[in-house]
Amino acid sequence: MSDSSLANGGSGTDLVRLTAADTAASIRRGDVTAVEVAQAHLAQIAKVDPLVKAFLHIDADGALEAAASVDEARAAGEALGPLAGVPLAMKDVVVTKGLPTTSGSKILEGWRPPYDATITTRIKDAGIVMLGKTNMDEFAMGSSTENSAYGPTHNPWDLTKIPGGSSGGSSAAVAAFEAPLAIGTDTGGSIRQPAAVTGIVGFKPTYGAVSRYGLIAFSSSLDQAGPFARTVEDTALLYDVLHGHDPCDSTSIAGLSFDATGAARAGAAGDLTGVRVGVVRELGGEGYQAGVTASFDDAVATLKGLGAEIVEVSCPNFEYALAAYYLIAPSECSSNLARFDAVRYGLRVGDDGSNSLEEVMSLTRAAGFGPEVKRRIMIGTYALSSGYYEAYYGQAQKVRTLIVRDFQAAFEKVDVLISPATPVVAFGIGEVVDPITMYRNDLCTLPASLAGTPAISVPCGLSDGLPVGLQIMAPALADERCFGIAAAFERATGILQIPAVTA
Amino acid sequence: MAHLARLARLSVTEDELELFAGQLGEIISAVARVGEVAAADIEPTSHAVPMTNVYRPDVVVPSLPREAVLAGAPSVEDDKFRVPQILTEEA
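Heads up: the protein sequence lines correspond to chains A and B, in order. First residue of the first sequence: 1, per my numbering; consecutive thereafter. First residue of the second sequence: 1, per my numbering; consecutive thereafter.
These aren't lab readings, by the way, just hints derived from the structure by calculation. A portion of the hints provided could be inaccurate.
Only some residues are given here: those of chain B computed to face chain A with a beta carbon under 8 Å [what the hints assert, rightly or not]: (1) 8; (2) 23; (3) 30; (4) 33; (5) 35; (6) 39; (7) 42; (8) 43; (9) 45; (10) 46; (11) 64; (12) 72; (13) 73; (14) 84.
To spell it out: a stretch of chain A is covered by chain B in this simulated footprint if at least three of its residues, at any positions, have a beta carbon under 8 Å from a beta carbon of chain B; those stretches are [as the list claims (entries may be wrong)]: (15) 200 to 210; (16) 342 to 350; (17) 356 to 364; (18) 398 to 408; (19) 442 to 455.
Backbone N, C-alpha and C fix where the C-beta goes; we use that ideal spot for every residue, glycine too.
Work out the full structure, taking the sequences as your base and the hints as a guide.
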């Protein structure tokens, strides 16, 4: 592809820096074609992805074909949707018909799913152009994308740092201007934490608002897919494509109707008079980097300046969220990952006639899973085993009830709760080796995961040149509120300017 | 540890057993903190948004085509998944 093909729409660099909303508007007006937009992003991927390594699979042909059909629809006089022609990076945990889907694991290397996830279908139906599949911690287990079987992804702000995880390929792709939109999944923070450490916006919906059909399951009672973008409005536009009831997912909530985009646009007026904002006492202080605390304090002052009433709130059981999560999620994963049995898809090892079916399963799983996945399967197997179930899994579920009650009590006093999105900014690749230290990255994001409540991370400044995220948590089903307040905050602070990737 | 690995259908080496035994011991003692919470009379939450009796309409819908599903299988024979021998001759 050549830059001359972009003559109508300005340079490719300009195109990749546009918001999704502006890109779609330009396509609708005919200032630029969807094919030109796709080409500009594919060129940016060719330029920076050898450094960032956000993508596991790039589908240039599919992207150009999808873009061409948007251009044809426009030429035929059809009305285009709000994101038609806008490129998107898809986390590799979401199944895509005919396109490789590995979930970051060797056990699924080379597998091409025979069907699309519901969100894949929704994205395609909206005319959004899928560029490819992004890197992630294996089966979404991790906070740095270092647990991918295909090597780490690099943070566009500083290539020696992690991009967060598990959706680190998606966050890095958006921050590196390889795509204005991306899909992540959040089980304990895997959208909000990578968004925070790459300086973009990421939203975890109310559990049940987005269909899990076609999402390779990690922890079924916690997993939710959600949007990434560089602005609150773009994040809202993508969320409005994703949510809605799906008969293929029995945990999907019927009768939902959100207008996140409307909430974001209204919120951008910036007046928070009468809004009660609770600062969670337990999500701060010791263990939080000074720069993170300073950026967060500035964010509190900004919200106050917009008219919000700031209240300190205590949620005493949040202290136990980490322990409860690291029992519940491994327990559910040990059960979910039993499907990788070397029979129906993926890898098979040792099938030479000398091993029994059980031996083939054990050899395949040993060869196909990485160390973190094995650790979590074993913890889960232990926590669910007879004699320990009540003390571990059962007790963790009771703690979950107490965390839900903490939220309920807090939301009687305030409209939203806020905290830093992460205790620390992006750390160096290879720097954290101890599993428990790694788990602590999810400290701020775990309570909303366990309670199933919506939460957004929006950039709130830099610490030592690396981005810090502000987390805004709302009650279940009040997803729009997250967007309204995040948009007001973004308007007040300005959209974070992300530097170009440099080697 | 070896028993757990067996239950989880994970073939592990002696070295891995040793590494995991240490790490799992640490993780389990960290997560055992849930035991500090007095929660004897608290109902467990298995799901953030409780729902019961979720039915779909009893309508026949087409399944995935057999060849599309078998295309991703590690081994196929006579339009079926082929697996290693399960039963011995005496069984």
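Hints, verified against the model:
{"no.": "1", "hint": "8", "in the structure": "holds, 4 Å"}
{"no.": "2", "hint": "23", "in the structure": "holds, 6 Å"}
{"no.": "3", "hint": "30", "in the structure": "holds, 5 Å"}
{"no.": "4", "hint": "33", "in the structure": "holds, 4 Å"}
{"no.": "5", "hint": "35", "in the structure": "holds, 6 Å"}
{"no.": "6", "hint": "39", "in the structure": "holds, 4 Å"}
{"no.": "7", "hint": "42", "in the structure": "holds, 4 Å"}
{"no.": "8", "hint": "43", "in the structure": "holds, 6 Å"}
{"no.": "9", "hint": "45", "in the structure": "holds, 4 Å"}
{"no.": "10", "hint": "46", "in the structure": "holds, 6 Å"}
{"no.": "11", "hint": "64", "in the structure": "holds, 5 Å"}
{"no.": "12", "hint": "72", "in the structure": "holds, 4 Å"}
{"no.": "13", "hint": "73", "in the structure": "holds, 6 Å"}
{"no.": "14", "hint": "84", "in the structure": "holds, 5 Å"}
{"no.": "15", "hint": "200 to 210", "in the structure": "holds (count 3)"}
{"no.": "16", "hint": "342 to 350", "in the structure": "holds (count 7)"}
{"no.": "17", "hint": "356 to 364", "in the structure": "holds (count 8)"}
{"no.": "18", "hint": "398 to 408", "in the structure": "holds (count 6)"}
{"no.": "19", "hint": "442 to 455", "in the structure": "holds (count 4)"}
Violated hints for the displayed structure: none, as all numbered hints are satisfied.
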